[in-house]
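Chains as they are written, first to last, in my numbering: chain A, 1 to 110; chain B, 111 to 223.
Honestly, the hints are just simulated from the structure, not real lab data. Keep in mind the model is a prediction, meaning the values are calculated, not measured. Using N, Cα and C, we set each Cβ at its ideal position, and we do this for glycine too. Treat the hints loosely; a few may be bogus.
In silico negatives: residues of chain B with every beta carbon more than 10 Å from chain A [as the list claims (entries may be wrong)]:
#, residue
1, F130
2, Y174
3, S177
4, Q195
Footprint (simulated), chain B over chain A, 3 or more residues, beta carbon under 8 Å [stated by the list, open to error]:
#, segment
5, 40–47
6, 94–101
Facing chain B, according to a computed beta carbon distance under 10 Å, are these residues of chain A, among others [claimed, not checked]:
#, residue
7, F34
8, Y36
9, T52
10, F90
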Amino acid sequence: AQSVTQLGSHVSVSEGALVLLRCNYSSSVPPYLFWYVQYPNQGLQLLLKYTTGATLVKGINGFEAEFKKSETSFHLTKPSAHMSDAAEYFCAVSGPDMRFGAGTRLTVKP
Amino acid sequence: DVKVTQSSRYLVKRTGEKVFLECVQDMDHENMFWYRQDPGLGLRLIYFSYDVKMKEKGDIPEGYSVSREKKERFSLILESASTNQTSMYLCASSPGLLRYEQYFGPGTRLTVT
Chain A
1 AQSVTQLGSH VSVSEGALVL LRCNYSSSVP PYLFWYVQYP NQGLQLLLKY TTGATLVKGI
61 NGFEAEFKKS ETSFHLTKPS AHMSDAAEYF CAVSGPDMRF GAGTRLTVKP
Chain B
111 DVKVTQSSRY LVKRTGEKVF LECVQDMDHE NMFWYRQDPG LGLRLIYFSY DVKMKEKGDI
171 PEGYSVSREK KERFSLILES ASTNQTSMYL CASSPGLLRY EQYFGPGTRL TVT
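Use the sequences and the hints to build the structure in full.
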């Protein structure tokens with residue numbers, strides 16, 4: 001069975017600072033991994049995904065994530081936070097159904 | 111762009127009422143899903159459907175049923191609403207499983223009083 005753990009339910013950064021949101025997964029088969037973002041009062045939208053191939057995955061809005069099999073991690077990063085990045089972020093692992101983490105709320109301070 | 115729409119953004123119902131939440135997708139996706147989202151718990155799968163008239167229970171199906179009579183439409187039914195079903199309900203669709211991402215609707219915030 002697959003599962004995801006997101007470390008830190010709330011993360012606060014200053015505008016322009018590095019964003020690091022942590023995700024560890026458990027999977028008995030090679031995982032397919034996803035990061036989604038949810039802005040207030042909206043559904044989730046895909047930021048990026050890892051299926052196979054390159055372990056560093058680039059997504060929308062300047063985000064990227066690196067798949068590290070040895071660490072069973074798929075952390076999300078962005079070099080410089082923007083006020084518009086404030087949202088809730090969900091890591092997910094797929095197969096056969098999709099399992100979501102509990103979410104991390106990102107706050108960006110001016 | 112894939113579009114997933116949900117019939118209501120906000121809904122207030124009384125305990126014991128029968129509640130219908132409807133979801134429509136316009137991209138001919140095989141798979142559709144219903145989740146509920148609660149703070150600190152992330153998204154929990156209620157039911158999913160991989161074809162018309164087919165359904166599978168998710169993690170928390172108790173108190174819910176679903177209907178998929180047409181490929182583009184997936185309905186969630188609360189047979190007798192209870193206060194513990196107050197939540198955000200999210201519908202999603204995908205063209206396949208495993209490597210495919212899901213496309214989400216905007217959500218329905220249901221309050222049961």
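Each hint, compared with the structure:
no.	hint	in the structure
1	F130	holds, 19 Å
2	Y174	holds, 16 Å
3	S177	holds, 20 Å
4	Q195	holds, 19 Å
5	40–47	holds (count 6)
6	94–101	holds (count 7)
7	F34	holds, 6 Å
8	Y36	holds, 8 Å
9	T52	holds, 8 Å
10	F90	holds, 6 Å
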